[in-house]
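*Asks:* With chain P fixed as given, assemble chains U, C and V onto it according to the hints.
Protein chains: 4
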Amino acid sequence: MIEIGRSKRALPVFGFDDIAIVPTRRTRGVEEVNLSWKIDALTFDFPIIAAPMDSVMSPLTAIVFGKLGGLGVLNLEGLWTRYADPEPLLAALADIDDPVAATKEMQRLYAEPVKAELIIGRLAEIRAANVPVAGSLSPKNCVEFRDVVEKAGVDFFVIRGATVSAEHVSKVAEPLNLKDFIYNLDIPVLVGGCATYQSALHLMRTGAAGVLVGFGGGSTARTRDVLGIEVPMASALADVAEARRDYLDESGGRYVHVIADGSLGHSGDIAKAIALGADAVMVGSPLARAAEAPGHGYHWGAEAWHPTLPRGERVRFEALGSLKEILHGPSVTPDGTMNLVGALRQALASTGYSEVKEFQRVGVVVHQ
Amino acid sequence: MIEIGRSKRALPVFGFDDIAIVPTRRTRGVEEVNLSWKIDALTFDFPIIAAPMDSVMSPLTAIVFGKLGGLGVLNLEGLWTRYADPEPLLAALADIDDPVAATKEMQRLYAEPVKAELIIGRLAEIRAANVPVAGSLSPKNCVEFRDVVEKAGVDFFVIRGATVSAEHVSKVAEPLNLKDFIYNLDIPVLVGGCATYQSALHLMRTGAAGVLVGFGGGSTARTRDVLGIEVPMASALADVAEARRDYLDESGGRYVHVIADGSLGHSGDIAKAIALGADAVMVGSPLARAAEAPGHGYHWGAEAWHPTLPRGERVRFEALGSLKEILHGPSVTPDGTMNLVGALRQALASTGYSEVKEFQRVGVVVHQ
Amino acid sequence: MIEIGRSKRALPVFGFDDIAIVPTRRTRGVEEVNLSWKIDALTFDFPIIAAPMDSVMSPLTAIVFGKLGGLGVLNLEGLWTRYADPEPLLAALADIDDPVAATKEMQRLYAEPVKAELIIGRLAEIRAANVPVAGSLSPKNCVEFRDVVEKAGVDFFVIRGATVSAEHVSKVAEPLNLKDFIYNLDIPVLVGGCATYQSALHLMRTGAAGVLVGFGGGSTARTRDVLGIEVPMASALADVAEARRDYLDESGGRYVHVIADGSLGHSGDIAKAIALGADAVMVGSPLARAAEAPGHGYHWGAEAWHPTLPRGERVRFEALGSLKEILHGPSVTPDGTMNLVGALRQALASTGYSEVKEFQRVGVVVHQ
Amino acid sequence: MIEIGRSKRALPVFGFDDIAIVPTRRTRGVEEVNLSWKIDALTFDFPIIAAPMDSVMSPLTAIVFGKLGGLGVLNLEGLWTRYADPEPLLAALADIDDPVAATKEMQRLYAEPVKAELIIGRLAEIRAANVPVAGSLSPKNCVEFRDVVEKAGVDFFVIRGATVSAEHVSKVAEPLNLKDFIYNLDIPVLVGGCATYQSALHLMRTGAAGVLVGFGGGSTARTRDVLGIEVPMASALADVAEARRDYLDESGGRYVHVIADGSLGHSGDIAKAIALGADAVMVGSPLARAAEAPGHGYHWGAEAWHPTLPRGERVRFEALGSLKEILHGPSVTPDGTMNLVGALRQALASTGYSEVKEFQRVGVVVHQ
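Protein chains in written order, with the working numbering: chain P, 65 to 432; chain U, 65 to 432; chain C, 65 to 432; chain V, 65 to 432.
Just to be clear, a hint being listed does not mean it is correct.
Copies of the same chain look alike in the list, so a pair counts if it fits in one copy or across any two.
Keeping only pairs whose Cα atoms sit at most 27 Å apart, straight-line, the calculated DSSO-like set for lysine-lysine is [claimed, not checked]: (1) Lys-215 - Lys-235; (2) Lys-421 - Lys-235; (3) Lys-215 - Lys-243; (4) Lys-235 - Lys-102; (5) Lys-235 - Lys-204; (6) Lys-131 - Lys-421.
What the hints contain is simulated information worked out from the structure, not anything from laboratory work.
Only chain P is shown next, with the shape it has when bound in the complex:
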């Protein structure tokens, strides 16, 4: 602990940019590396989840992402469940350059209510393509749409907000009791963001299959500027990974997956996330560079359209290649934005590891 002044101490914390992975005395051929990720009943080719953001995940891109070997999550309170045909709206939004005008237009577009029948239809569309199905809701909409989602059928139920706690206090609205909710749901749940040991441990005790680690701090979020809240990802992951270990002991063997969610703009960040203890990562911005991305070159999160206190911005990303090229290459740019899977495989190979789980033990340094 560091003394900020006589009445306050603070923990020193670190982000991905502060740390780096260190080579070991061994190297390995890339063909020796196995990136597969097993969670609940499913096994994926690689531990990368596509974030439920309207700028990257439509029913179509969720299907493409699933066919490429990953898990795409559709935002069940985004434009695809508010409008029968959001495509013209997305295209028109992309024509607005002015940030304030774009924020106002997003506030207008997202004021349209979410419709149960659209949730059902979108999920059915993905299911029909024979890929894993996952949809996300914010805590405040979980109770209302739970039955709809359960009936539509998903492989994973994602509960996602900037900060989600196991103990939400409210008088006016019936607060979501996460423990009861998850217990009564016959679908594995991924829940977050959380960013500290304590909050993660409490989320693990709700019965979640995985916790999302983040604080609303990706490339689009401005939580730090607006609320003053931030927990840099490297320290958040290293804390939550310890909660996983302690909960494994406390629960007599239940392994809750730690999923990094945010600040993963480059393939090197994905490798660092695992080096710090993540089992998988949920990425947004790299996928916004795909030719298929529904954002038409813009990327934003749910924080961007809050009706009275937007805490995210719309960011411009140039198209780099197809979703397949973003994930599997070949890459034509050396900045860590293409061939994400190949880069992760190479990171393990260059440091002599063959499995994602083992790679959590690789050494890291901090550049002071």
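*Replies:* Then chains U, C and V, alone, in the frame of chain P:
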């Protein structure tokens, strides 16, 4: 203490940008949060004071700010008390783009003497609007205008300078004896800036109702470049908050309010100031973005027009919306410059707090 | 070790930019300084090796560099051994400004196979000029071209990759057994990059005459962005220098040279590398500014043309002067990019040293 | 000490930008502050010396500076002692914008030999104006021109180089024995730069009246880039101030003045230099902004024209006002580049000090 070299040690210090607030295991609905601030006989809807700077506070904007639930402070040695009609002068000043020319023009404008009758008239105008009345003077003008201000009637008397000490030494001018001055004044006094435990403790012993924490280090001040003096706000607040606690004990229960004054450009900074021990904040630059701001898109402090050693600059700010929108939203920009009150309420809600005083205990981290 | 979070600790590390050399109480005339570097049977005028990169080393520039007193290394799997006349290809590549188009063109150019007869011819050309001869291969090509290189005759065999370990694991390809390879080769070997004490010690045990310290982190490499791997050079060198000392003891007196390879853009970096324990340095980018440089104003490494995961970029450098002026001056620019040898000599003189080996003991400071 | 790697430790060091002066519980009227500086037989109005650089000190500006109350030092191996009329050369040099062309022209101009009769004439011109006279030579020219300078008559003899040690080793040239030189000279000597406790202590033992603290690290020097050598000024001063104290004891009472030389671009830096132990400062760049500055808007030091290894650059500075306004104001810019004396006086007043010597004890913080 860190050794700078063999003959000098220095305390490590931190600013708002170095620290961040950490989520807890609890969250709360925003409707659960109470931001009211009680000081002396008055209770305000939120703990935000408008700084006595000519670019943000005119009699009119002080009234608007008061009606919105806060405390606006008029600079009693600014243009409004030097000129019967400063509005054309402010408009003409805004037409000067060159910084040196603008500094010279400010030096010329502020050379005009302050007039007692204008002090009386301006304060009466605010009083007539039925909002709390507060005016500020620098220490050197306190003796001359004390009676005028007392007669005009104010709810708070603000004594404000870059660095104000309880012990000012001077041979040529009769130095202001703060203790006698405050004892003999029948109005609660807010006094500062101060930036260390010792200087704050001495100011608390003068009988002040509140101390302003700052060193002349806002967005317009260049004290660091000109004088080499700086105390980053996070450390200053955490030190002065300890002085408040010690003085509370020493005085047998007198609670002196700690008011952060400077470096509060974003709503996140306001949340951090309270997290570090402030009871309230005095803001300037966010209000310079209001459509009603008298600065016509420019913002400056008293340091900007010193006749021989200006230590502040005039900064350009684009208009964002009305004073009401700046304070209460809705915000249309995700950078922490609009809906300041809503953002503070959300910061407490996101970390599970319901009262400003409790929020002083929230955990912080330091990003190394 | 610093705690990143509850489950992970990290070593603090430093790059050249973080540290600086400190004057001592003695100074020395530059004429007193001896920069000669003796390795195996050869003695060079100064401890600077030209890096085997196509943008700086052609057979011609290797000869010029050797005549100027240093050791130039030709990349034996670059364009000069893939094409009979690469000069028009290099010129055409320099006409492509767009980075993505340039990467694609490099991927295409380097897809052409390496030809044994070209290796033989290029090395013979250098040998004929009566300068020391050295060629480099990546580990995966060593077995195939070993006999060719041995027959062609070189003074130094350089095995160079971003990360080279003494223990490479692979099922599909017969991995290079460095120890056997070096033992059976009758030529001194320089091998790397390595970046840690352990990996360097293992490389030293293979019988190498020198180890290259680096992690693929020069001005052109983007290993950090793509793979998340980085070991800043100052710490890497200070670690590997300790491995040299320990191996000297373990081996009963075999002195393995430590050669800094990467992040040496300015003459000050060369001085720092030696201050941190290097015996010699391998430089790239300063030579890319030579009028004779084959890159025609562009500079890139082998990482830039990886077929599926490029991890280096092509960087633009303006021509400053002849290779002779870059090495020996006179310099006409005060940024450490000309008169590299003169600058190193002056660095020793200004701190009172007369030999490179002694200068490894000079004091350094770290700017926090 | 911090471990850089297993074989190297480094002292953490700090520059002016890392530290700041802290207010105390006392303030003082500016009229209470006495800035006078007494060294040897002379007393100056303020502790600011003008650096012997051709861009700021001509015989004329040395006179103006002296009449304003300070000590101007003429470079006795600059253009004024190489050419009878350098003014047209300085004007022509200012017309060259290209940095490389300017460096080449400076190398050409300064190749002209220094002439004894010009030294005598320039010093006589200053003497005739009835202001203190001081001239500087680099160590290598001291022996040759000593008698000339002594005969011409100066109040201070300045021996100045990037790094000057009491123990210079050379076989080809007879090295300057500083101790003998100073002992045999009947004029007080200021000598430097030095940057560490040990080197300063040795310089103090030569009998110097003052030591210049610096490493060739002002706004024009690029010693760090070219040689890798740097000692940030805050740590250098705090170390050398301790050497002054130890030498005071060792010598039985000889007080050697510590003069900060370099990195003093803003008045705040001057205040910090004294706070860290300096008795006086030698400034260059702020004076280059004077209308009378001979550099015609450009500023450079002796490092800029080294014939084979220039280690300084020519920097552009806009004219701000007269030398008088730069020193004594009124200032019309809030960045610490005007009214240097007034700013120093205000820094003492704002922290409650009345004498420069006492101000060496003011507290400082380090911004991490």
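*Asks:* Could you run down the list of hints and mark each one as holding or not?
*Replies:* For each hint, the structure was consulted:
no.: 1; hint: Lys-215 - Lys-235; result: neither (30 Å within a copy, 47 Å between copies)
no.: 2; hint: Lys-421 - Lys-235; result: between (43 Å within a copy, 21 Å between copies)
no.: 3; hint: Lys-215 - Lys-243; result: within (20 Å within a copy, 63 Å between copies)
no.: 4; hint: Lys-235 - Lys-102; result: between (40 Å within a copy, 24 Å between copies)
no.: 5; hint: Lys-235 - Lys-204; result: within (13 Å within a copy, 52 Å between copies)
no.: 6; hint: Lys-131 - Lys-421; result: within (24 Å within a copy, 53 Å between copies)
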